[in-house]
Amino acid sequence: MQNSPNIPVQPNCPDRRRTQNAVVIWCRDKLARYIFLAVAFSATASLLLIALFILKEGVPFIIKVGLKSFLLSSEWNPAAEKFGIYPMIIASLWVTLGAMLIGAPLGVAGAIFLTQFVPRSIMRIIKPMIELLAGIPSVVYGFMGVMVLAPFIRNYLGGPGLSLLAGSIILGVMVLPTVISISTDAINAVPKTYLEGALALGATRWQSVHMVILKAARSGIIASIILAMGRAVGETMAVIMVAGNAVRIPHSALDPVRTLTANIALEMGYATGLHRQALFATGVVLFVVVMILNSLAIAAMKRKTGN
Amino acid sequence: MRKGQCVERKVKISVQNLSVFFGQHQALRSLTMNVPANRILGIIGPASSGKTTFLRTLNRMNDLDPESRAEGRVLLDGADIYHPSQSAVQLRKRVGMVFALPMPLPMSIYDNVVYGPRLSGIRNRAALDVIVERTLTAAFLWDEVKDRLNMLALRLSGGQQQRLCLARTLAMEPEVVLLDEPCSGLDPISTARIEDALTVLKERYTIILVTNNTKQASRIADETAFFLMGELVELGETSQIFTVPCDQRTSDYVTGRFG
Amino acid sequence: MRIPPKITQALAVILLGAATLITVITLVLIIAFVLKRGVPEISWEFLSTKPREMGKAGGILPTLLGTVLLPLLAILIALPMGVGTAVYLTEYTRENRVTRIIRFGTDCLAGIPSIIFGLFGYIFFVTILGMGWSMISGGLTLAIMILPTIIRTSEEAIRSVPQAYREVSCSLAATSWETVYKVVLPNALPGIMTGVVLGIGRSIGETAAVIFTAGSSLMMPSSLNDSVRTMSVHFYLLAREGISDEKAYATAAVLVFAVLLVNLAAYWMMNRFIAKRSR
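Chains as they are written, first to last, in numbering that gives the first Met the number 0: chain A, 0 to 306; chain B, 0 to 258; chain C, 0 to 278.
Calculated directly from the structure, the hints in this document are not laboratory data.
Take every hint as true, because none was put in to throw you off.
To give an idea of the chain C side of the interface with chain A (calculated C-beta under 7 Å), a few residues:
(1) GLN8
(2) ALA11
(3) VAL12
(4) TYR87
(5) TYR91
(6) GLY104
(7) GLY110
(8) PHE119
(9) LEU146
(10) GLY204
(11) THR206
(12) ALA207
(13) TYR235
(14) LEU254
(15) TYR266
Idealized CB from N, CA, C, for every residue including glycine.
The shape of chain A in the complex, shown without the other chains (with noise of 0.2 Å):
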């Protein structure tokens, strides 16, 4: 080989540290990209992870009683393993429709309120607080409506005071932040041209706002009153603080009431064989109500971001 010194050396030429380099590079680029494809799908691993632990310590319990007893069943007596979720499915139900009654109005109209007609400076104060507040752990509101809100009904309509009526309003107000949240970026996400358009053909603001501005959000509104929905079937502390946990079909607003979510909570702690199967089962009869309300809210904001 010949060696001649007054040939300069290239620093193109690809030595070998470069090319040994490039190896490791290329390796640990692809080794990267696996990693990432593999870490991807943690979110939904643990979904289904999570679905099948909750089916498998359940379904055969449903399976053994039976589908219909157990929820159309109104006894439910762990000792004499009576297993019948259903006045725990209508407390749940009214539960959740009075926090609906409650919330959905005052979260939209508050949205409406905030971006429409108030200005923009505000907004930006008042729209984080209430994000602020949804931070708030559910247990502070619960004993809010331990120490404030069932005194109040006790004294002034009767009835023991913790109770669906209590439960109900709660649960309102803790799906504020996400209604208002939600809704107000529907509506801000509403094309400005929209609003000018019915205001240059002599609308008032608010015949623009629910002629126009509501319809075009109207998806995301929906999408945000479901997701508040599945908040409040799901949320435990809270109800179980304030609604009375009384395992019956209430007849009044201020009857006590045991929510599904409230049942497992309650009895997970001591519970053993049969009762705990039932309890896991009652989570399952819970998971299918909230993934059906959790598609649906995603049906809802993808045709939002469809049109």
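Position chains B and C relative to chain A; hints supplied.
Chains B and C only, in chain A's frame:
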């Protein structure tokens, strides 16, 4: 008509029947040309004539757009850069690029310059220092920034930023430097600095310069290619293109009758 | 008779305004009430001593520790998974069937009620994997719970990194991975931190998922296998079992302070992030 001919000089890049598509849209139509080594090739042409697409084909930056598709061959030193065995990352080490807008990464001047060398595994601080001084000097920027190499690069002026980008590209020791309208956002003095740097740099690199400014091409390009609607209309010595073009369309463009 | 538009307009504004006012006042009142009743009960002794008689007397030191450690553990687990998911969605793939599945899974997970997480954590981590009521069981359960939050905020943060940075990095012969960790992640960091803080806030306030996985021991935890009680759980037990209203108010006040502080931090970071991006 001397289309794509260059007899006496070494050919660095040879483009054969290159067509580039973005989805249904064809951006380049069956291009054939040779790029000579160690010269400045100017590419001129009106907007959306395929100049930038051509440039981004040469270092496979178009790969980033999943809709894009290239047909034909691009030979760099005789090897097809689109051959499956070729790595786009290795190619980009040999073919560097300076973008139209100065785009320093949000880090210090020093870190911007050594970004490429560090990626190729140079960790030695002294070696990196040498690279920084050499490339910043080559980009005519060293004297202005040598005392504040740790300053955030975003705080330089536009012209300085663009020269930093040039230095950053040179720091990878490429063989070919692609410049995509590097002076479009700069004032005349900054432009002159970059042009000076390029005329010196062609001793060591093959330079391809896309420019909207025909005067710039006539000033510094050794050869000039005229693109129109994704086609190569004419390629020749710059003096010839600007004085006695063979094609009527080239003549119209360089005399400013359209475009 | 048709009501003139001017009057409907005025009516609408009044009604909407009243609704908004009710909402804001209710929410503010709740905070104010808790703080007013709770703050006078807070003392240095309350924060720095162990509880006695199940919390009837003494302080909340172990639960403070639990409230710090458990969310931290959850973040340590959820952060790599969440950011990794976001990086995959933004840097390594286009919208296709796989990303739709990932997004659907993430959205659904976000809507799962916390009691379901509690059930799952209890059966999977506590029982089947034999971790018992422990910090690690609670941390893993909370991690899954806050994963969607981390994924969403990280994805938004990563998407807001200018595309030009990626092009430049790529043109300098960086591989996708090198671009991600040298350019994309450092620039998305403030936005990712917002998600982290939001996740911590949610973990601090969580009760149902924690009580069945981390247990409710009032001992000072000394390892990951020890059961801990967070402030939320402690507060729930104090209030639910009527142990002590004063201590419950005080704990609630500390809890509200902690959550507000964490959320304010998130909000501040988000604003700084937006301001920096739009400059």
